[in-house]
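Student: Chain residues, written in single-letter form:
2 protein chains.
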Amino acid sequence: MDISKKTIDWEIEKVLTGKPKKLYDAANHISSAGGKRLRPILCLLACESLNGKTNNALKSAISLELMHTFSLIHDDIMDHDELRRNVKTVHVLYGEPTAILAGDLLFSKAFELCDPKATKILAHASVDLCEGQELDMEFEERTFVSEREYVEMIKKKTASLFEASTAMGAVLAGGSEKQVRAFSEYGQNLGMAFQIYDDLLDLLADEKKLGKPVFSDIAEGKKTLIVVRAMESLRGMERDRLAKLLHKTKKSKKETDEIFKLLKESGAIEYAKQKSRGYINNAKKSLEKIPDSKAKDELLRIADFVVEREF
Amino acid sequence: MDISKKTIDWEIEKVLTGKPKKLYDAANHISSAGGKRLRPILCLLACESLNGKTNNALKSAISLELMHTFSLIHDDIMDHDELRRNVKTVHVLYGEPTAILAGDLLFSKAFELCDPKATKILAHASVDLCEGQELDMEFEERTFVSEREYVEMIKKKTASLFEASTAMGAVLAGGSEKQVRAFSEYGQNLGMAFQIYDDLLDLLADEKKLGKPVFSDIAEGKKTLIVVRAMESLRGMERDRLAKLLHKTKKSKKETDEIFKLLKESGAIEYAKQKSRGYINNAKKSLEKIPDSKAKDELLRIADFVVEREF
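As they're listed, the protein sequences go chains U and Z.
Positions 1 to 311 (this note's numbering) are the ones given, in order, by the first sequence.
Positions 1001 to 1311 (this note's numbering) are the ones given, in order, by the second sequence.
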């Protein structure tokens, strides 16, 4: 890619410097703690693949990262999460009111930066983000969620912003309708795989690399694909036992271990791995008709990375 | 105006119908409880004054109301307010997580609706909203805030969205740079007057008409113009007494009465009335070079209404 991650980091920091200082510090906190900048990179690579000028797409690419960070800050408040990227979350450090505002500021800055040609794409994704997060929260209250419902939820909550990222890059490069569609499909499939693999990481990752506690989805009663699938495939006493354990608000180490064992024995972990790889294959297939280039190669490599990463 | 308030109400309700139902109901709650729709009306009147097609500006006009409602919902969470427009606030009815999301959804919908030609105006105003609200909260922690600081705060927190409303109308009508500037100035001055008059209403209004408890600014330690001015003009023991009373987290009826007496005797209430009228005169003056029309007349009437209204 002809724009480095360092440039992206630097641009984000520049946008998030301002007054009142407390508000801007809060807004910058999560970004400055790291992050893969996956969404801006995807946008710029999509743009580059179609021979677009990435310099003209940089600000819009940054807007995607701001939108992502906004959703992390607000989600952390809603989910009462205390750690992210190995640092305390914004509401823990700055208090809830300023954390809400920091999210709102990131949101506003995103639309201030985004190219007017692409604001509809960004706005559409952010509507999806909200609807998806609401579904995610509502699912916590339910014992049974179908795989179809789960798929609809993560399409909105996660895949939509990935889709927006690559679609935006293609649009800003002046791509044809067909090309924009190809990049949209790539982004959406990549996002689906990303979320399912995230569900897996919650169970399987190294805590330090993940930057937050493992099993937090289980602790919060999140309906991950693994939980959804296990509840669909287990029968009789095992299913009842899993439902009962998942329903508990406070789970002991022993109970969490038992949940993990039940999930594993149900075959749901294996199933989720296969599903995420399936989406990755679809993502790659979407780009078949896009002419080969170094940028396209990187997009294909990112697809593999998404289901092999450790964080 | 050639578009009725009813049409505006109806358009808002249409936008705020969707799934998940709980989220959309929460987002629609404050709008459906009433509201003057002042910002959309200002936008449409500015557009009409310059012979623009108001039908083409309607969606952008609605986006201003959504942005306003978003800020009300989030501010109510931050300020722990329980009543607005005579109904319970969103976080009281739907819980904080869904209230945060409802605000985010309104924000997203605003940018989905807004004409790409005007998104920068909207985004700029929303950055200001956030910065202004942060300043407002920070001022609560301080004993002394200067009038200059107060003016900077309300310019961002309140006047900016008024300014955006009329500027947007002028831009969408294809107005010249000079014309857009005239409408921006009108909107900004109107917004300043609006906020100062709001500060006054908190002390002087009829609770039922106001739709929320009077003296809530005082209870929350808000630095209204009246408080700021009284602290600047009182001397010696009276000033110390006022500072001490304002600083208390729980204030009795007797203490609130004493605060009111001190504010009144300091001349700050009269001062704030004059200030708001001064801004209104400036607002009207800004439109002097705009050709006369029915729409312009309405804008001049609204200016007077803003400092005579009861809610």
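Any given hint could turn out to be false.
Pairs of lysine-lysine residues, derived as BS3-like cross-links and limited to a Cα-Cα distance of at most 25 Å, are as follows [as the list claims (entries may be wrong)]:
1. Lys1155/Z - Lys21/U
2. Lys120/U - Lys212/U
3. Lys1005/Z - Lys1088/Z
4. Lys36/U - Lys212/U
5. Lys1208/Z - Lys120/U
6. Lys120/U - Lys21/U
7. Lys1253/Z - Lys59/U
8. Lys1036/Z - Lys1222/Z
9. Lys117/U - Lys1222/Z
10. Lys53/U - Lys1117/Z
11. Lys1036/Z - Lys1006/Z
12. Lys120/U - Lys1021/Z
13. Lys1120/Z - Lys117/U
14. Lys1019/Z - Lys1006/Z
15. Lys5/U - Lys253/U
16. Lys19/U - Lys1022/Z
17. Lys1251/Z - Lys1264/Z
18. Lys1021/Z - Lys155/U
19. Lys178/U - Lys222/U
20. Lys155/U - Lys1120/Z
21. Lys1019/Z - Lys21/U
22. Lys5/U - Lys264/U
23. Lys1296/Z - Lys1254/Z
24. Lys208/U - Lys120/U
25. Lys53/U - Lys1019/Z
26. Lys1208/Z - Lys1296/Z
27. Lys1006/Z - Lys21/U
28. Lys1209/Z - Lys222/U
29. Lys19/U - Lys1019/Z
30. Lys22/U - Lys1222/Z
In short, the hints are calculated from the structure, not lab data.
Student: A separate judgement is required for each hint: does it hold in the structure or not?
Tutor: Hints and how they fare:
1. For the hint pairing Lys1155/Z with Lys21/U, the CA-to-CA distance comes to about 18 Å; that is within 25 Å, so the pair holds.
2. Restraint check for Lys120/U and Lys212/U: the C-alpha separation of about 33 Å exceeds 25 Å, so the hint is violated.
3. Straight-line distance between C-alpha atoms of Lys1005/Z and Lys1088/Z comes to about 24 Å, which keeps the hinted pair within the 25 Å bound.
4. Distance check on the hinted pair: Lys36/U and Lys212/U sit about 15 Å apart at the alpha-carbon level, within 25 Å; holds.
5. Of the pairs offered as hints, the one joining Lys1208/Z and Lys120/U is violated, with about 40 Å between alpha carbons and a cut-off of 25 Å exceeded.
6. Only pairs whose Cα atoms come within 25 Å are accepted, and Lys120/U paired with Lys21/U is rejected, the gap being roughly 30 Å.
7. A C-alpha spacing of about 53 Å is found between Lys1253/Z and Lys59/U, which places the hinted pair above 25 Å, so the restraint is violated.
8. Between the alpha carbons of Lys1036/Z and Lys1222/Z the distance comes to roughly 24 Å, so the proposed pair stays at or under 25 Å and holds.
9. Distance check on the hinted pair: Lys117/U and Lys1222/Z sit about 41 Å apart at the alpha-carbon level, beyond 25 Å; violated.
10. Between Lys53/U and Lys1117/Z the CA atoms are separated by roughly 22 Å; this keeps the pair inside 25 Å, and the hint holds.
11. At roughly 11 Å between alpha-carbon atoms, Lys1036/Z and Lys1006/Z fall within 25 Å of each other, so this suggested pair holds.
12. Pair hint Lys120/U plus Lys1021/Z holds up; C-alpha atoms about 23 Å apart against a cutoff of 25 Å.
13. Restraint check for Lys1120/Z and Lys117/U: satisfied, since their Cα atoms lie roughly 12 Å apart, inside the 25 Å limit.
14. At roughly 24 Å between alpha-carbon atoms, Lys1019/Z and Lys1006/Z fall within 25 Å of each other, so this suggested pair holds.
15. At most 25 Å may separate the alpha-carbon atoms for a hinted pair to count; Lys5/U and Lys253/U exceed this at roughly 39 Å.
16. Straight-line distance between C-alpha atoms of Lys19/U and Lys1022/Z comes to about 36 Å, which puts the hinted pair past the 25 Å bound.
17. The straight-line distance between the Cα atoms of Lys1251/Z and Lys1264/Z is roughly 18 Å, inside the 25 Å bound, and the hint therefore holds.
18. For the hint pairing Lys1021/Z with Lys155/U, the CA-to-CA distance comes to about 18 Å; that is within 25 Å, so the pair holds.
19. The straight-line distance between the Cα atoms of Lys178/U and Lys222/U is roughly 37 Å, outside the 25 Å bound, and the hint therefore fails.
20. For a cut-off of 25 Å, the pair hint linking Lys155/U to Lys1120/Z is broken: about 28 Å separates their Cα positions.
21. Under the criterion of a C-alpha separation no larger than 25 Å, the hint pairing Lys1019/Z with Lys21/U is inconsistent with the structure, at around 37 Å.
22. A threshold of 25 Å between alpha carbons decides the hint, and for Lys5/U with Lys264/U the separation of about 37 Å lies outside it, so the pair is violated.
23. With a CA separation close to 46 Å, the supplied pair Lys1296/Z and Lys1254/Z exceeds the 25 Å bound.
24. Distance check on the hinted pair: Lys208/U and Lys120/U sit about 38 Å apart at the alpha-carbon level, beyond 25 Å; violated.
25. Restraint check: the Cα-Cα separation between Lys53/U and Lys1019/Z comes to about 38 Å, which exceeds 25 Å; the hinted pair is violated.
26. Using a Cα cut-off of 25 Å, the hinted pair Lys1208/Z and Lys1296/Z is violated, with the two alpha carbons roughly 32 Å apart.
27. For a cut-off of 25 Å, the pair hint linking Lys1006/Z to Lys21/U is broken: about 42 Å separates their Cα positions.
28. Straight-line distance between C-alpha atoms of Lys1209/Z and Lys222/U comes to about 44 Å, which puts the hinted pair past the 25 Å bound.
29. A C-alpha spacing of about 37 Å is found between Lys19/U and Lys1019/Z, which places the hinted pair above 25 Å, so the restraint is violated.
30. With a C-alpha separation of about 19 Å, the suggested pair Lys22/U and Lys1222/Z falls inside the 25 Å cut-off, and the hint holds.
When the structure is compared with the earlier hints, violations turn up for hints 2, 5, 6, 7, 9, 15, 16, 19, 20, 21, 22, 23, 24, 25, 26, 27, 28 and 29 and for no others.
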